[in-house]
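Protein chains: 2
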Amino acid sequence: MVKTYSLENIARKLNISIKDLNKAFKKKIIREDEFKNIRYLLFKKNFKNIEKGTVVILNEQLDIIRGYPKTYRALTLYPTIKEHFIDKVVIEEKLNGYNIRVAKIDDEILALTRSGYVCPFTTKKVKKYLKLEILDEYEHYMLCGEMIGKNNPYVPFYYEEAENDVENLAFFIFDIKERENNRSLPIKDRLKLCENYNLPHVRPIDIVDKDKAHEVIKDIIIELNNKRREGVVLKDPDMSVEPLKYTTHFINCQDLKEAFYFLFDLGLDFMFSRVIREGFMSYEFGECLEDREIRAIDIGKSILFPMVEAIEKVAKGERITEDFELIFDSENDFSEFLDFMRKMKMIIKIKNIERKEDRLKVLIGKVYNKTSDKIKAYLEGALWE
Amino acid sequence: MVKTYSLENIARKLNISIKDLNKAFKKKIIREDEFKNIRYLLFKKNFKNIEKGTVVILNEQLDIIRGYPKTYRALTLYPTIKEHFIDKVVIEEKLNGYNIRVAKIDDEILALTRSGYVCPFTTKKVKKYLKLEILDEYEHYMLCGEMIGKNNPYVPFYYEEAENDVENLAFFIFDIKERENNRSLPIKDRLKLCENYNLPHVRPIDIVDKDKAHEVIKDIIIELNNKRREGVVLKDPDMSVEPLKYTTHFINCQDLKEAFYFLFDLGLDFMFSRVIREGFMSYEFGECLEDREIRAIDIGKSILFPMVEAIEKVAKGERITEDFELIFDSENDFSEFLDFMRKMKMIIKIKNIERKEDRLKVLIGKVYNKTSDKIKAYLEGALWE
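Sequences listed follow chains A and B, in order. When we follow the UniProt record's numbering, the leftmost residue of the first sequence carries the number 1, and every step to the right adds one. When we follow the UniProt record's numbering, the leftmost residue of the second sequence carries the number 1, and every step to the right adds one.
Don't take every hint at face value.
As the list makes no split between identical chains, a pair holds if one copy fits it or if it spans any two.
[What the hints assert, rightly or not] No farther apart than 25 Å at their CA atoms in a straight line, the calculated lysine to aspartate or glutamate pairs in the DMTMM-like style are these: (1) 82 with 385; (2) 127 with 165; (3) 218 with 385; (4) 28 with 189; (5) 376 with 215; (6) 376 with 318; (7) 313 with 265; (8) 192 with 34; (9) 104 with 258; (10) 301 with 290; (11) 356 with 160; (12) 374 with 287; (13) 192 with 238; (14) 376 with 211; (15) 245 with 373; (16) 301 with 284.
Worth flagging that the hints you see were computed from the coordinates, not collected in a lab.
For reference, chain A alone in the conformation it holds in the complex (with noise of 0.2 Å):
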């Protein structure tokens, strides 16, 4: 692979100093990457004005698909959306999956996960769910989207309206953005230009007065929370300030049960996060004694019944893992994502393939080292520090 490239053009295509270009290659902040015969330098972290997932293709332009920015939380509903916003607030749902940027790069449609790899998994399904006419008319924009659905490598979650003949799988864009700058298109624009093109999307639930906005969208939490889904995210009509997210006591305590089951492997941060919003959460809303107590239960449970789960497994023999089944659509497909899965350190065990016409249903679990040779550890009589 050759590896030269012009540090000047790159840098000025970023507007960073090559001397900040430099650094970030010496700190490993810039790893290479390829896909297909496509080359692209990859920012593994937020460095100067350029997010983490920022991708520079090395073709003669040196394109560049931006990194989707983090999108902050409130802990509260009120004063933080009225504090955050200008004036109306929109709100959208937040789906349970993961971020994909699509950008249509030397006529090739690229899929890129929240950290700049262009996934082949996620890249084929995109490709084969949607019509992508969009991109050859607007080369400069990129669909940001969740890709959600218990099908996939990633987040497998069921949802009803990703279902199809196939598998659970399904995207849906919340974002369009200019890709070499970042900026949003308003969601009006976003709107009209999905339905144009008859692309499937997120639509708002509610425009609402920033004044009133917690009372509402605590409302619709407690709906989406019934109906077992994650959350929102409030976003300004022209995108002019961050979006926020605010999430369901539901999936707090899903990822919690996640956090418990591989203990060992998930970040303490992970869980207090969780367990921390349950409190604000739980003064916000005023709740009675008893619901505060089915919360505390719900939260308990969700600590204690997937740790134990773990532990007698392992105490079993078993390893942990976590099981995700995919469909592929060719032998060659399966092989390119064990590839990507090698290549992203990802240590699998392939637990049962199904071979049907040429599709191939694969069951796949990502073994949590840590978690079970822990377990293992303390269950062979290994002293807690």
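Fit chain B to the known structure of chain A by using the hints.
Frame of chain A; chain B shown alone:
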């Protein structure tokens, strides 16, 4: 304060090289402190063979008081105890107070906290409540024990057996060590000495074969849990291997309550470790679903309720404090204690003072600024990153 002392002599007494001693000074592992006219060096961390909390008195003979070693924890009773011990296991109750070493240096009784500071409050109380002739005869011993009861500035936890006419505070010896080399007396010898000198001490609950210990201890733990007590420390009769500890569900939940009341001050490790203990206990005790649910409810409530209580308190404009009621025998004792708190960089607030005869009853609040400030910020609309 004259700061000259012979590094060579100190290094020799500590059995480390001068080079290492200098390194410890440079890395600020050693700090200098004084109590009355006694100057001493203090190890703030484990360093080489020297335990955290080790003190070198800067007198002519450079007396040493070694730090009390960390007691490791069994996450499972079986097979941990069987693997760890030689033959017999002495089961003692673990009291929930603070670890103190008492030594006599140059005719002065000193009570050192775990971290190695001479605590004026504790020194006074130890001298008041104990007859310490033993240290005249055995000048090279230190009495290691737990200071327990509601009326102390570190771990205010009520014990029936700590009650006296004036306050709820008592000292129980659980170990006698040679203070210069940290060698423990065999348990029999410790018990005999304590009885001869009429010193309050922790008595063995039972002595069992290591192969059966887990069964006996499980029953003891269930009983201690019902009595709302902390747990057990397991020891080799000759103190030839390090002790182990194991705690009750009750105290795990107590710790969680504390952690989530002071939610941004106590470390995540503190919270996480308590929860992990519950997981292994629930597994090992082979609970039925009903009992496991009760445990989960206790955990959930111990997390959510104190957290909401703290948020409600801050929402009302108050700050989060931990309150201690302390008894001082004179104004001078009180002011000495305040100086010590200042030195420890504790932020305290005097909430009330009652004077009775010569005695002072003082209500002191330890202020948790980080918790107070962060909750306030989130209530005012700060975003969660």
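Quick rundown of the hints versus the structure:
In the homo-oligomer, the alpha carbons of residue 82 and residue 385 lie at most 25 Å apart only across protomers (18 Å), although the nearest pairing inside one protomer, at 46 Å, exceeds that limit. In this homomeric assembly, residue 127 and residue 165 come within 25 Å of each other (Cα to Cα) only inside a single copy, at 17 Å, whereas the closest approach across copies is 81 Å. Proximity of residue 218 and residue 385 under a CA criterion of 25 Å is satisfied inter-copy only: 21 Å between copies versus 43 Å inside one chain copy. Taking the shortest Cα distances, residue 28 and residue 189 never come within 25 Å of each other, neither inside one copy (38 Å) nor across copies (61 Å).
In this homomeric assembly, residue 376 and residue 215 come within 25 Å of each other (Cα to Cα) only across copies, at 21 Å, whereas the closest approach inside a single copy is 48 Å. Taking CA atoms no more than 25 Å apart as the test, residue 376 paired with residue 318 passes inside one copy only; the shortest distance there is 10 Å, against 46 Å between copies. For the homomeric pair residue 313 and residue 265, the shortest alpha-carbon distance inside one copy (16 Å) is at most 25 Å, but the shortest distance between copies (35 Å) is not. Proximity of residue 192 and residue 34 under a CA criterion of 25 Å is satisfied in neither setting, with 34 Å inside one chain copy and 75 Å between copies.
In the homo-oligomer, the alpha carbons of residue 104 and residue 258 never lie at most 25 Å apart, since the shortest distance is 35 Å inside one protomer and 54 Å across protomers. In the homo-oligomer, the alpha carbons of residue 301 and residue 290 lie at most 25 Å apart both inside one protomer (17 Å) and across protomers (12 Å), since each shortest distance falls under that limit. Within a single copy, residue 356 and residue 160 get their C-alpha atoms as close as 23 Å, which meets the 25 Å cut-off; across copies the closest is 72 Å, which misses it. Taking CA atoms no more than 25 Å apart as the test, residue 374 paired with residue 287 passes between copies only; the shortest distance there is 22 Å, against 39 Å inside one copy.
For a Cα distance limit of 25 Å, the shortest separation of residue 192 from residue 238 inside one copy, 14 Å, qualifies, whereas the shortest one across copies, 81 Å, does not. For the homomeric pair residue 376 and residue 211, the shortest alpha-carbon distance between copies (20 Å) is at most 25 Å, but the shortest distance inside one copy (53 Å) is not. When the C-alpha separation of residue 245 and residue 373 is checked against a cutoff of 25 Å, the pair qualifies only between copies, where the shortest distance is 23 Å, while the shortest distance within a copy is 36 Å. In this assembly of identical chains, the alpha carbons of residue 301 and residue 284 lie at most 25 Å apart whether taken from the same copy (23 Å) or from different copies (17 Å).
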